[in-house]
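Colleague: Given next are the chains, with one letter for each unit.
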Amino acid sequence: MDKVISLEKALSLIKDGMTLMIGGFLANGSPDMLIDGILDTEVKDLIVIANDTGFPDKGIGKLIVNHRVKKVIASHIGTNPETGRQMNEGEIEVELIPQGTLIERIRAKGAGLGGFLTPTGVGTIVEDEKEMFEVNGRTYLLEKPLGADMALVRGYKVDRMGNTTYYKSMRNFNPIIATAADMVIVEADEIVEVGEIDPDHVVTPGIFVNYVVGRGQ
Amino acid sequence: MDKVISLEKALSLIKDGMTLMIGGFLANGSPDMLIDGILDTEVKDLIVIANDTGFPDKGIGKLIVNHRVKKVIASHIGTNPETGRQMNEGEIEVELIPQGTLIERIRAKGAGLGGFLTPTGVGTIVEDEKEMFEVNGRTYLLEKPLGADMALVRGYKVDRMGNTTYYKSMRNFNPIIATAADMVIVEADEIVEVGEIDPDHVVTPGIFVNYVVGRGQ
Amino acid sequence: MLSPKEIIAKRAAMELKNGYVVNLGIGLPTMVANYIPEGIEVFLQSENGIIGMGPAPGPGQEDPNLVNAGGQMVTVKPGAAFFDSAMSFTIIRGGHVDVTILGALEVDQEGNLANWIIPSKMVPGMGGAMDLVIGAKKVIVAMEHTAKGKPKILKKCTLPLTAVGVVDMIITEMGVFEVTKDGLVLKEVTEGISIDDIRNATEADFVINKGLKIYHTESGVID
Amino acid sequence: MLSPKEIIAKRAAMELKNGYVVNLGIGLPTMVANYIPEGIEVFLQSENGIIGMGPAPGPGQEDPNLVNAGGQMVTVKPGAAFFDSAMSFTIIRGGHVDVTILGALEVDQEGNLANWIIPSKMVPGMGGAMDLVIGAKKVIVAMEHTAKGKPKILKKCTLPLTAVGVVDMIITEMGVFEVTKDGLVLKEVTEGISIDDIRNATEADFVINKGLKIYHTESGVID
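Chains as they are written, first to last, in our numbering: chain A, 1 to 217; chain B, 1 to 217; chain C, 1 to 223; chain D, 1 to 223.
Misleading hints may appear alongside valid ones.
Stated by the list, open to error - Derived pair list, reagent style SDA-like, types lysine to any residue, alpha-carbon separation capped at 20 Å:
1) B:Lys130 x A:Glu134
2) D:Lys156 x A:Val122
3) A:Lys58 x D:Lys155
4) C:Lys5 x C:Asp197
5) D:Lys181 x A:Gly137
6) A:Lys58 x D:Asn65
7) B:Lys157 x A:Asp200
8) B:Lys58 x C:Gly54
9) B:Lys130 x A:Lys58
10) A:Lys144 x B:His201
11) D:Lys137 x A:Lys144
12) B:Lys58 x C:Lys138
13) B:Lys130 x A:Leu142
14) A:Lys3 x C:Lys5
15) C:Lys121 x B:Glu95
16) B:Lys130 x A:Asp200
17) B:Lys144 x A:Thr139
18) B:Lys144 x A:Asp200
19) C:Lys77 x A:His201
20) A:Lys144 x B:Thr139
21) B:Lys157 x C:Asn65
22) D:Lys77 x B:Asp16
23) A:Lys71 x D:Met122
24) A:Lys157 x B:His201
25) B:Lys144 x A:Phe133
26) C:Lys121 x B:Gly147
27) D:Lys181 x A:Asp200
28) A:Lys144 x C:Lys150
29) D:Lys155 x A:Asp200
30) A:Lys157 x D:Glu15
31) C:Lys138 x B:Gly123
32) D:Lys156 x A:Phe133
33) D:Lys137 x B:Gly147
34) D:Lys181 x A:Thr139
35) B:Lys58 x C:Lys77
36) A:Lys70 x D:Val123
To be verified - Footprint (simulated), chain B over chain D, 3 or more residues, beta carbon under 8 Å:
37) 39-51
38) 75-82
39) 94-103
The set of hints was computed from the structure by calculation and includes no laboratory data.
Every residue gets a Cβ at the ideal spot worked out from N, C-alpha and C, and that includes glycine.
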């Protein structure tokens with residue numbers, strides 16, 4: 001059950017128009033090798049779901065700058081002025097979602113839930129067109145699950161079966177997007193043999209992972 | 001910020017009529033010292049939220065056998081015939097909830113959600129009196145959050161600030177109940193100094209934990 | 001000679017494919033693990049928070065801190081992982097289990113399943129069963145064909161349901177049914193069992209598959 | 001002499017109590033960490049998945065794999081923990097943060113907050129702010145009293161809201177307001193600032209607390 005593939009093979013799986021979840025938070029813990037790899041292909045019209053769009057020269061931001069993305073679903077785009085510019089010029093569609101709602105919608109998809117009630121966004125433009133509910137005297141919005149065709153995950157030590165650990169603040173969105181996409185590719189800082197990771201320390205069990213690519217290719 | 005207290009002090013916090021979440025799965029990973037300790041007190045009329053009621057002589061089952069519990073909210077009571085007997089005789093109230101719904105309701109409380117939509121239980125007696133929703137053509141039940149006055153958690157290596165790790169299958173309900181109760185007491189296999197646990201390996205951050213008691217008292 | 005339970009467990013194991021994530025119910029379904037064919041690697045999941053269970057521990061290998069959802073001591077294989085119950089049901093309800101094999105009190109021709117309660121007689125609770133049958137990609141009921149001579153495969157379940165229309169396949173010591181939207185289809189009979197035997201032991205309506213096959217219990221050949 | 005921003009950060013730090021879980025917004029609020037009083041131990045949380053942040057890294061201590069929610073490199077103290085974003089917002093939205101200190105574009109006398117968008121001018125997104133102000137037990141807005149001479153403390157916010165009725169306290173270089181259900185109460189003025197100064201810089205209605213105090217910026221004494 002060796003899931004390790006080459007960068008080339010991984011990139012061949014990414015197609016025009018796909019919805020991609022990409023890990024990372026302000027480019028910290030993003031799968032940079034895969035992102036750079038996409039830039040070497042012709043892939044375009046991507047829909048990207050991520051916390052933010054990084055910086056123009058770092059992380060997901062590079063995909064924006066190079067016009068590979070037609071729509072972004074994120075909580076924050078302020079650190080990448082190019083995203084704002086493309087949005088204002090109508091070159092890219094941007095959907096902004098509160099960070100806690102965004103990650104919980106992704107989790108809901110992974111967990112087979114039909115949605116959840118959150119107090120976040122009540123009384124703001126976030127509530128537009130959403131159903132509202134009272135529970136124990138508090139008002140909540142119904143938020144729906146959010147999935148993707150593919151998740152690009154940045155892992156730290158990853159075994160050949162896909163069992164994944166994370167390093168420091170690089171964890172962020174990565175373990176959650178790994179549960180919510182039809183195909184999951186983990187970019188590993190280090191590939192280790194099966195059995196080298198203590199089962200108590202595995203964060204993303206390998207059953208969620210389709211492919212592993214090692215960094216430094 | 002040393003949260004370590006004696007067993008005696010921990011037991012003094014548990015009062016008649018309290019709602020207690022108790023970790024463990026068929027008595028594996030349950031806080032056995034605290035459970036045994038309760039039996040040495042006069043505490044009664046507890047409401048217990050747990051996966052199951054263990055066995056008559058093991059885990060939560062002992063609290064049932066000793067008539068300390070007036071109500072149980074669990075997914076399974078089959079391994080403890082005494083729970084069934086007391087239920088049939090009207091000595092104890094039992095509310096049965098599907099396991100995935102039970103743990104998710106506890107998580108929802110910890111995560112500040114007003115509820116979630118699950119497909120589990122649709123078309124069964126579990127749906128009685130619950131609101132139903134269609135999302136993308138599938139039917140879901142709205143399930144509400146579930147909290148408690150106190151959570152009794154079984155940890156493995158736990159530092160003095162309450163940062164908690166778990167061992168093998170003893171993890172089960174423990175990390176989730178630690179997020180959902182007004183007061184959280186962790187029974188630790190081993191108390192270690194702050195800094196001894198790799199921050200990447202902490203499962204329950206110490207901020208969720210009010211007190212730590214060491215086993216073997 | 002295999003016992004009826006062994007026949008069922010061995011046949012059910014033949015439904016497992018390489019790489020499958022599998023959850024086995026308590027009792028007979030747990031025995032399926034003993035019959036996984038050579039060359040097939042599956043990932044056994046347990047509700048209490050394990051993926052990658054191995055065989056039962058040998059003498060001296062037991063660890064009381066490592067049990068399955070039935071409370072039995074187990075081992076894990078290299079590449080296993082432990083997690084909490086919320087993650088466990090993310091796996092289960094989220095569609096990340098390829099097949100669950102579990103027992104039933106009753107199953108009916110619409111794929112309804114009853115396996116958690118006999119009101120005022122036996123009220124063990126549903127445990128994780130309701131989530132498993134809703135979430136797993138394929139649900140196989142593996143059970144003896146009758147209970148005390150009475151059919152368990154019914155036109156309509158009489159006991160409170162575990163879930164509606166979730167069963168994909170029924171494997172008994174007598175044969176194998178597929179549940180289709182048009183009802184039950186008998187796909188296989190066990191060698192030595194006649195279709196009349198099955199009719200007599202089954203309350204549900206069923207049609208017989210055109211290419212009905214025979215299952216040879218010792219060799220494991222289906223032809 | 002402290003700058004206005006330093007006055008605000010230092011005063012805001014005095015709201016922190018021992019053992020508090022604290023989330024600091026980007027910019028001015030991040031400076032609060034530099035003024036935490038002696039003997040007060042707080043747990044600094046960051047949306048991207050950290051609890052227990054320490055001071056900024058010294059030369060050679062930087063780790064590009066350890067940044068806060070503003071993207072700045074940070075350190076962690078012994079007893080820190082890392083987790084994923086779902087857990088981070090369990091902490092935030094679930095009421096496990098004692099206080100969040102953040103900036104504002106506008107805040108009003110009903111405790112409404114606007115700090116994430118200026119339509120068709122600046123659309124950075126809300127990030128975690130909407131969750132933070134809904135979830136934290138106490139919400140402190142720490143900001144300069146005016147922007148380009150125009151009041152930011154209004155009768156009614158004009159920009160799209162971050163949340164409704166969530167602000168508990170407003171700390172500026174001029175003074176400290178509490179938000180009550182009856183409106184704003186001026187609790188403190190900074191030494192050298194008159195009530196008329198504050199009236200002139202504030203659009204919102206406010207009442208003056210009976211025991212109005214004066215905040216001495218250098219000594220940190222409030223009397």
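Colleague: Indicate, hint by hint, whether the structure satisfies it.
Modeller: Status of each hint after checking the structure:
1. B:Lys130 x A:Glu134: Holds. Lys130 of chain B to Glu134 of chain A sits at ~14 Å (cutoff 20 Å).
2. D:Lys156 x A:Val122: holds (17 Å)
3. A:Lys58 x D:Lys155: violated (41 Å)
4. C:Lys5 x C:Asp197: holds (18 Å)
5. D:Lys181 x A:Gly137: holds (18 Å)
6. A:Lys58 x D:Asn65: holds (14 Å)
7. B:Lys157 x A:Asp200: holds (12 Å)
8. B:Lys58 x C:Gly54: violated (25 Å)
9. B:Lys130 x A:Lys58: Not OK: Lys130 of chain B and Lys58 of chain A at ~48 Å, beyond 20 Å, violated.
10. A:Lys144 x B:His201: Violated, because 31 Å separates the two Cα atoms, which is more than 20 Å.
11. D:Lys137 x A:Lys144: Since the Cα atoms of Lys137 of chain D and Lys144 of chain A sit roughly 26 Å apart, the hinted pair is violated (cutoff 20 Å).
12. B:Lys58 x C:Lys138: violated (35 Å)
13. B:Lys130 x A:Leu142: Roughly 16 Å separates the two Cα atoms, so the pair holds.
14. A:Lys3 x C:Lys5: violated (36 Å)
15. C:Lys121 x B:Glu95: Holds. Lys121 of chain C to Glu95 of chain B sits at ~16 Å (cutoff 20 Å).
16. B:Lys130 x A:Asp200: Not OK: Lys130 of chain B and Asp200 of chain A at ~37 Å, beyond 20 Å, violated.
17. B:Lys144 x A:Thr139: Within the cut-off at roughly 13 Å; holds.
18. B:Lys144 x A:Asp200: It is violated: about 30 Å lies between the C-alpha atoms, which goes past 20 Å.
19. C:Lys77 x A:His201: holds (15 Å)
20. A:Lys144 x B:Thr139: The given pair, whose Cα atoms are some 13 Å apart, holds under the 20 Å limit.
21. B:Lys157 x C:Asn65: holds (14 Å)
22. D:Lys77 x B:Asp16: Given that 20 Å is the threshold and the Cα spacing comes to 39 Å, the pair is violated.
23. A:Lys71 x D:Met122: holds (19 Å)
24. A:Lys157 x B:His201: Within the cut-off at roughly 13 Å; holds.
25. B:Lys144 x A:Phe133: holds (12 Å)
26. C:Lys121 x B:Gly147: violated (31 Å)
27. D:Lys181 x A:Asp200: Distance of about 49 Å is beyond 20 Å: violated.
28. A:Lys144 x C:Lys150: Answer violated: Lys144 of chain A to Lys150 of chain C is near 45 Å, above 20 Å.
29. D:Lys155 x A:Asp200: Violated: Lys155 of chain D and Asp200 of chain A sit about 54 Å apart, past 20 Å.
30. A:Lys157 x D:Glu15: Status violated; Cα separation ~41 Å.
31. C:Lys138 x B:Gly123: holds (19 Å)
32. D:Lys156 x A:Phe133: Violated, at about 26 Å.
33. D:Lys137 x B:Gly147: holds (17 Å)
34. D:Lys181 x A:Thr139: Cα-Cα ~19 Å, so holds.
35. B:Lys58 x C:Lys77: Distance ~28 Å between Lys58 of chain B and Lys77 of chain C Cα, so the pair is violated.
36. A:Lys70 x D:Val123: holds (18 Å)
37. 39-51: holds (count 4)
38. 75-82: holds (count 6)
39. 94-103: holds (count 3)
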